[in-house]
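Chemist: All chains should be modelled from the sequences, with the hints used to inform the complete structure.
Counting from 1, one number per residue, gives the positions in the sequence shown under our numbering.
Just so you know, these hints were derived from the structure itself, not from any lab.
There's no promise every hint is true.
[Said to hold, decoys possible] Distance condition first, Cα-Cα at most 25 Å in a straight line; then the derived DSS-like pairs of lysine-lysine:
| no. | residue 1 | residue 2 |
| --- | --- | --- |
| 1 | Lys47 | Lys72 |
| 2 | Lys131 | Lys51 |
| 3 | Lys93 | Lys39 |
| 4 | Lys93 | Lys134 |
[Unchecked claim] Ranges between beta-carbon positions, derived for each pair:
| no. | residue 1 | residue 2 | range |
| --- | --- | --- | --- |
| 5 | Tyr58 | Leu99 | 29 to 39 Å |
| 6 | Arg4 | Pro98 | 14 to 24 Å |
| 7 | Glu69 | Gly30 | 36 to 46 Å |
The beta-carbon is built from N, C-alpha and C at its ideal position, and this holds for glycine as well.
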Amino acid sequence: EINRSHRYDRELSISLIDVDHFGHFNELNGYLLGDTVLKDIARLLHKNLRKADIAVRYTGGRFAVIFPETGKNAAMAVADKLCTLIEVYPFPKRENQPLGRVTVSISLATYPADGAETGELIERLGNALEKSVKMDGNRVMDVGETV
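Modeler: Spelled out as structure tokens, the structure:
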């Protein structure tokens, strides 16, 4: 998608989504219930993204979303919406989480403004996600906020 954005001189936004305190959730409620949470989040992503957007499970309790032909402001609006939708969703045993609900941290980068290479964007996304998690999550963090 980055190559396509480069070829057609279009913006592209990418986000990483991390389920806050997911290890805690699994330890307290079991991995089967943790899988249910991940499946519910996947359904929320699928239902609330455009057909052109690409959502995948990235690793563990993380997802990645690619927003083709989408600038920072539009992607930030969607990321904020997703953060809120997940926070209010009635996940089972959500009351056992530190905030009394399941929340996510989301990092967001836009090509080419935040980086021209895939590796650079992924590294910046990871750094922003770590910063958000250290701030107790439940927020969207633009990679530009971590500089």
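Chemist: When the structure is checked against the list of hints, which entries are broken? Sort them ascending.
Modeler: 2, 5, 6
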